[in-house]
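Chains as they are written, first to last, in the working numbering: chain S, 988 to 1251; chain F, 4 to 292.
Hint data in this document are derived by calculation from the structure and do not stem from the laboratory. Glycine is no exception: its CB is placed at the ideal position from the N, C-alpha and C atoms. The reader is advised that the hints may include incorrect statements.
[As the list claims (entries may be wrong)] Covered stretches of chain S (in silico footprint by chain F; criterion: 3 or more residues with CB under 8 Å from a CB of chain F, positions within the stretch not fixed):
hint: 1; stretch: 1029–1041
hint: 2; stretch: 1048–1057
hint: 3; stretch: 1099–1111
hint: 4; stretch: 1122–1128
hint: 5; stretch: 1168–1179
hint: 6; stretch: 1182–1196
hint: 7; stretch: 1218–1230
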Amino acid sequence: MTRNGPLALSFNALVMVFMMAPLVVVCLVAFTPENTLSLPTTGFSLRWFTAVFERADFITAFANSLKLAALSATLATLIAVPAGLALTRYRFPGQGVINGLLLSPIIIPHLVLGVALMRLFALLGVNGSFSWLVLAHVVVITPYVLRLVIATAIGVDRSAEQAAESLGAGRMTLFWRITVPMILPGVAGGWLLAFINSFDEVTLSIFITSPATQTLPVRMYVYATESIDPMMAAISALVIALTAVTMLVLDRVYGLDRVMVGKS
Amino acid sequence: MSGSLFTDVRRGYSLTGPAVLLFAVLMVLPLLLTLVLSVNVFDYTTGIKGDQYTAEHYTNLFTDPFFYEIFLRTFWISALVTALCVLIGVPEALVLSRMRAPWRSLFLVLVLTPLLISVVVRAFGWSLLLGNEGVVNQAIVALGGKPLKLLYTPFAVIIGLVHVMLPFMIIPVWTSLQKLDATAEHAALSLGASHWTVFSRIVLPQIMPGVLSGTLIVFGLSASSFAIPGLLGGRRLKMVATLIYDQYLAELNWPMGAAIAVTLLLINLVVMLSWNRLVERRYNRRLGV
């Protein structure tokens, strides 16, 4: 294999600096003791982190986002697992269309779906309803679970199922004792990926949330367009920390490279 | 579980049923409603007229410079972002693939993690770097230069978008590099081919499908990006997504917003499908299919 020369390595270093710079600067500014957005030069302070926890609107938005992400990721998993298994194991007319339909939210801009759902919810009189917000998120995150379920289901060795069946196992036993344990890494990885995507979603949510159901990214977006103070940096640093923890879990459960690069 | 054809069909539909139903109600139906809305008459005093139809929102789009200029700007910004992602992402993926075990996954994770961090956080990070008193301007002043206006310019939007989109280019290129057979490279080198010949005649043709699918994703996502132009472009530098937002939530002209949204969706789908077809045809011919 060809080795990297000094030029290639410095290029790599530049790309890393570019990718990390905005995240690092956010984390540094979060610790500033000043009232303005500046790098902490005189000393470190936790005052802006304390400020975050005194803001009821941000706490509510954070709670909303957690609840929304947990609920929608779970619902998405509940519909994507049977759908993924059906799409890999059975042949039926319309299979390709259904497969395409369930993966299509990936290529439909979230913004277009957001305004479309705003219209539907206005007609139904459910705009700002939390339950409908959950269902809307389920639609956009289902493809992520579905892809991982399909990828793991294809790799499953069917002989174990055939053996269990020939030994007299019922369909339920077969599903819970054989199939589920074998596709579990894909299901768990898909759930986490769906959770992260729902938690980060801003473009669709901005159209269908009310002040009471506002999610953290929407609250942050609105706050960033109105005023800029170091508290925004503190919240962002907390979000980065939380994402880092989730990623460590994701890495343990399914393997980060498999989730992101799609290697199976 | 080798059931009959009939059980296959029954199980297939019943297991995909809940998902299909949900998608029909919350994706297909609202998109159809938006299509209808985009041809509804709108009056600034009385609002949407659901029973009167007009094509004026679409004609506005193509005749009013305010609208088509935003479309053109969105197009060139997305095209430039895509080109930059190819120029940075392809060499970066190559460099990564040549690294040794611990470094390779470390840098791969570093380059891909921003993907999982909220785009609002990343846009905010860039506004800290590019603001009038931001880190970049402080560095310029410290080096004796004059501060530049960077934030709320196309430059800031392009930088922000490249940052968000780069992982989407690196992932498919990386995936196609993994499938590469190193012995072909060794064979070419041992037969006296130069490194450049090996790259252009052996590596590049094989990673081209990855590059092209990355191009597609990056262009589509850039053209419809909302948070980056919203936070780094400011109020005046509009892109299609921020224009739609304004039509719906500031102007309250939903039919006009719907017409722009439908047009954006159609352009996106047409670009994606025709690009896909083009790529497929080219590669099928090359493989002699």
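Hints versus structure:
1. 1029–1041: That given contact is violated, which follows from only 0 residues of the stretch 1029–1041 of chain S lying within Cβ reach (below 8 Å) of chain F.
2. 1048–1057: Violated: only 0 residues of the stretch 1048–1057 of chain S have a Cβ under 8 Å from chain F.
3. 1099–1111: holds (count 9)
4. 1122–1128: Holds, because 4 residues of the stretch 1122–1128 of chain S bring their Cβ atoms closer than 8 Å to Cβ atoms of chain F.
5. 1168–1179: Per the Cβ count (0), the hint is violated.
6. 1182–1196: holds (count 7)
7. 1218–1230: holds (count 6)
The structure is inconsistent with the numbered hints 1, 2, 5, although it conforms to all the rest.
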